[in-house]
Amino acid sequence: MRSTWLRVLLPVVVVLIWLVGAAVGGPTFGRLEEVSSNDQASFLPASAESTEAGELQQRFSDSDAIPAVIVAESDTVIPPRDLGPYEELGDTLGQVEGLEPPAEGAPAVAGPIPSEDGLAVQYIAFVSSDAELAEVVTELRQVLGDELPDGVTGYVTGPAGFTNDLVEAFGGIDGILLGVALGAVFVILLAVYRSVVLPFLVLLTSVFALATSILLVFAFAKLDWIQLSGQSQGILSILVIGAATDYALLLVARFREALAEHETTWEAMRAAYRGSVEPILASGATVILGLLCLLFSDLNSNKSLGPIAAIGIVFSLAAALTLLPALLLLFGRAAFWPLRPRYDPELAVAVAPHHGRHAAPTAAGAETGLERLSGIWKRVALQVARRPRVLWIASLLILVAGALGLTQLQANGVPQSALILTPSNAVDGQEALGRHFDAGSGSPVYVVAPEAEQAAALDVVNTQDGIADATLTADPGGAVIVEDGRVLISGTLEYQADSDQAEDVVRELRTALDEASPDALVGGVTAVAIDTNDTALADLVKIIPIVLVVILVVLIILLRSILAPVLLVASVALSNATALGVSALVFNNLFGFEGADASVPLFAFVFLVALGVDYNIFLMTRVREESLRLGTRPGVLRGLGVTGGVITSAGVVLAATFAALGVIPILFLAQIAFIVAFGVLLDTVLVRSLLIPALAYDIGPKIWWPSKLGRVPSPR
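Read in order, the letters of the sequence shown correspond to residues 1 to 716 in the working numbering.
These are computed hints drawn from the structure, not numbers from a lab.
Treat the hints with care, since some could be wrong.
Once the Cα atoms are required to be at most 27 angstroms apart in a straight line, the calculated DSSO-like pairs of lysine-lysine come out as [to be verified]:
| # | residue 1 | residue 2 |
| --- | --- | --- |
| 1 | Lys303 | Lys222 |
| 2 | Lys702 | Lys378 |
| 3 | Lys378 | Lys222 |
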């Protein structure tokens, strides 16, 4: 009696604990904006030149307001005599609450500044850091819409306009992204399980894992241990839902298999847990360690994503190994309604000898590899047995051909105006600014130079090609401001601040200043973009080898082999190269993207390698289990046959969840969504289904070298 009550009470307690955690963590979603930042400058290391320049630059102003560039573009020339209404417009704009003068005695809005062609006027306003940026920008745009005459279009661009539009683009992360991802997963689970109840149990596991992980992420961000951004927030949601669902699929598959072999639900769960806990833990550990390798990054956005995503995987593991088993125990066979698995006494007798120590493989044992299987995965396994070498060579050639597209990958950063994929007033305003003014207006280059070298530094900035003019920062009386023995020089770029031409100008300026004023530092929007891209490329070279070594060590420990892990890591790395190569061709020729963020290859690599190895872990742990009983070659076929459906389902689920990132109109997330979704499907369909099984079958027992299993002859 006590045992019966315990078996009922324990699952209920586990579910209640998770319910409390989710009830507290769920509402925290709405508070993530309190601890989130999308400011690119905050992601740079403190040692970056633009970071140091930015810190020194702040000493020259009592204000940390965000500049907004306001442009009014006319269809016809505006004569100087008709500028009166535009002066009144400047006064009206200056009355918008939330603006502050850049200096004492200065107007809140500077302008109008007419363009040389007479087709536009420009204003410069500064949004107080204490004001709600979205409210101020919205009101400025409303004033332009109400006050400008017919034939004149108004824009609010510059740092304030772009930041506002970027935050708006991220606004769908909490609601739209989650809804699309969960909806896609639900449809797939319905098709996989053909059950009404089970998809809800699996999704409940994923949602509870995400809701509780938010508590820890929020706390870490609140303590300034990590920097949370819109992109890391979106990736966390997708990663938790996809990973938790994948782990759930593996456990549910073993549970359904065990229900046919065991009469009671508890016995079936014990067998399913014993068969799935090792690969699930190994898979989770691989992803966690791979993500934590991002801590070696010098770019704070990369460094923060590592622990944020790792926290999500930890909770995914915990939910899949505690909450889901509890739910399955409470529902029992009813979870699979209307297709409830039935207990088969004959099957129970057939598998009973194999629940203890594994027997040595025999020729008779080899015949049982596929005898209880049917359907497509039995046919795939038979093809692997008939033509293993042809299959793995053909698969290898396909991957290599796709990887050749890597030469077309343009991952050296993109203009800020290309980051937002939906219509943006700030992007349109930047284009209008470039048509009529120096395109760098509102986003100048800043040079902080020693006072003794101010003349030489100013001369270099003034004579630099691509800079329209340069001035020393002075007080209202015209005296040059000196702070800690340094002066501040502002230079207006002729090119858009986030363009390739502007970056070339800043790089040349830094080189010229190294000779004229070695201690001078160059900052500003363009310098931040340069340092971000350079740091991201350096991270790519440094972190990729670390991730590969870490994953290789985990696989060696798990499979008690060296050759098999080396082949698995090499196959997933090649699959990653193929996914990037094909994606580069699609981005350039189909979508027409201007390029890719420098962090895209690193993020894609970490996700694809860590997650791609997951499926090989699911496959090869089962292959090893069956090889101990049947021999290596029958074990490969049996392992492929019994895991094919669940692993393919897991791959489709993960691809669908990452594809959901595409609903957020941010270039970086759209590219990550495509690369990871395509890469996961490629790895699931080609690498795990054909390349690895065919290669392992062709190599035979030596695949387990140097373990003892590699020295056991395998009957064909």
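Non-conforming hints, listed in increasing numerical order:
3
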